[in-house]
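Number of protein chains: 2
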Amino acid sequence: MPHTIKAQRSVTIKDVARKAGTSIATVSYVFSNAERNIRPELRQRVLQAATEIGYVKNAAASSMKGKPRGILAVVVAQFGNTFFTRMCVEIVSIARQAGYVVTLCNSDEDPDQERIILKRLVAQRIDGCILCPAMSREENTGLLKKYRIPYVILERSFPESTTAHNFVGQDNYQSGYLATRHLLDAGHRRIAFSGWDSPIPNVCERVNGYQAALREFGVPAEQELVLTDEMSEAAGRRMAAKLLESKMTAAVLGHHETAKGALLYFQDKGIRWPDDLSLVVIGTPEWAGVLLPRITCIQRPEHAMAVAAAELLLDAIKQPDISAAQHVFLSTVSEGDSVLKR
Amino acid sequence: MPHTIKAQRSVTIKDVARKAGTSIATVSYVFSNAERNIRPELRQRVLQAATEIGYVKNAAASSMKGKPRGILAVVVAQFGNTFFTRMCVEIVSIARQAGYVVTLCNSDEDPDQERIILKRLVAQRIDGCILCPAMSREENTGLLKKYRIPYVILERSFPESTTAHNFVGQDNYQSGYLATRHLLDAGHRRIAFSGWDSPIPNVCERVNGYQAALREFGVPAEQELVLTDEMSEAAGRRMAAKLLESKMTAAVLGHHETAKGALLYFQDKGIRWPDDLSLVVIGTPEWAGVLLPRITCIQRPEHAMAVAAAELLLDAIKQPDISAAQHVFLSTVSEGDSVLKR
DNA sequence: TGGCAATATGTAAACGTTTACTGCCGTGTA
DNA sequence: TACACGGCAGTAAACGTTTACATATTGCCA
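Residue numbers (our numbering), protein chains in the order written: chain A, 34 to 375; chain B, 34 to 375.
There's no promise every hint is true.
Heads up, the list lumps identical chains together, so a pair's fine if it works in one copy or across two of them.
Unchecked claim - DSS-like, lysine-lysine: derived pairs with alpha carbons at most 30 Å apart:
(1) K374 - K52
(2) K178 - K275
(3) K280 - K302
(4) K100 - K47
(5) K179 - K351
(6) K52 - K152
(7) K98 - K47
None of these hints come from the bench; they were simulated from the model.
Only a predicted model underlies this, so the values are computations on that prediction, with no experimental measurement involved.
Using the sequences and the hints, build the whole thing.
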């Protein structure tokens, strides 16, 4: 628990005023009201005094008078995941250009933790929030709504009433379809899919896309070719082992985190791609750039999503009464050498 | 610039008091003074009223009364860098267990940006800060000192007066030494080193370690075998090209970001490790785990550093008058198959 | 020289909490 | 019955800003 500290009286506007031989009002105007004109000589004296005694405005106090805090928050469910990390970097950079600092929080896929975080952020009265919800539970966003804090839901949609929120996401159906289609076009017909046991619909949608592509090519969808497991390297290995049993010629590794485990398993067993097995990975993990033969990846629209989310939030802050907007971005194929033409 | 919003009167303690038919003092006691006894029936009524009208305490107001804000900050110089990302994840997790939320900021190696960030954090009166300084400039920490905000310097030390700050770092000299020593032990004598043009002494120290190891084995240090360039993949490729010209049998890739470019260059040119060239990389990038043959890495003590930094900060917050502490951690060899024994 | 703008500065009342202090009520004792 | 005491509840004064409003100062013109 945060520790209570003996109140360390800090340097205030009052001290600056005394030092500069003027009133606190003038000092305040110097620091926070650009329109108001102050005699240059006095302004200079105030500034001088402030630096001398090391004055820094107390943001809590000014925020109490309804001043914006200049803080945005990004709450993600998996902070270490490169997909999110990259988006965070981008968002932070855009926010900075707009004059905001960003608080990054990690819910670790835990809705309760998410709630605690959101409550804290509301308590801070942040100016806006980008939220990648831990689960498809809408109740947590209620807090943001109640306090009229502009927000954007990122990457994971709620099943109902999507149009009620600002939303930026990717088309998971399309990425599943795209990956599968790529393999079908190369002549593959027995195609497996590995994902993870996600509490959110993303993986499910990718599977739908996968199945739709198969259907389009008149390939019957086999239950056993679709695997899911928890999200870990070990689970990736397990799924890889199962995949090999099912004698398919190609696989869509539907999530980059488990894909790593699967590839490591293939390496261990001496399974080579594309010769023994054609592979497409959904996502663009860091390691995909160096692995030989290069893996064909479905490049998710991370950059576009981050930019859209940040800009949508900034717009929502500027115009609180604007109606909610939704942006869904598509993935593209980043071709490697992991798919054998047959 | 943060946008000014027409003051949206939010739900306050006063509203709760009215609703519960009591005074604001009682409501405040219910929410923030555990000792004070409130008749259970009344307390219940207050809680009930609060949830009904959706009251969330205004952190700015309570912080004005000297209450701790429950916010820590981590300011890093390269947020996208996995080394920092991993430490951030760890720090956030430890801080959370202690009841703090963490604001992550990115200075992008820019001391001016760092100053702006720190000023903002001081304005927020955060409870503590972990700072990985953009440059070896001590003036920015002065702000933290002035406002008595406990802080820990992470990973990059200041040349002078290190004992004046709480510091957690790695022994860069040792990692340079370790990498080189590993190659020397394997029988290599012509060993190159690639780093980056760092404004901070880290790379320099690694070079010192490298040279010390060579000296120990009576190998003359050749100027042309030590390369530096900017930190980018392209620079890594450039350095790799130069390395090949200098006919060495082994190389220490002294920084994981440029190492990636170098490896890609080797892949393009068909240079194979360890047969054509033995390699040791300082750092443990994500991709090192999947690349074949496995690269021998110098595992930096990320985890230990993150834990130490977080705990040191928490200690410093609890005991503001404790004297500064320094922790320097050592790296270890994570052996792969990229070093040929000769 | 007086008066009137226009400009520059200061006063004081918020903002939403926390908490020292005062006051009230009921119980137990003399 | 009167009184002290203890336990709760409420009043009001901060905390450090911002800003509407009041006041002082200046310069200019009649």
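Hint check results:
no.	hint	verdict
1	K374 - K52	neither (79 Å within a copy, 71 Å between copies)
2	K178 - K275	neither (45 Å within a copy, 58 Å between copies)
3	K280 - K302	within (15 Å within a copy, 35 Å between copies)
4	K100 - K47	both (20 Å within a copy, 21 Å between copies)
5	K179 - K351	within (18 Å within a copy, 35 Å between copies)
6	K52 - K152	between (40 Å within a copy, 21 Å between copies)
7	K98 - K47	both (17 Å within a copy, 17 Å between copies)
Hint compliance for this structure: hints 1 and 2 are broken, all remaining hints hold.
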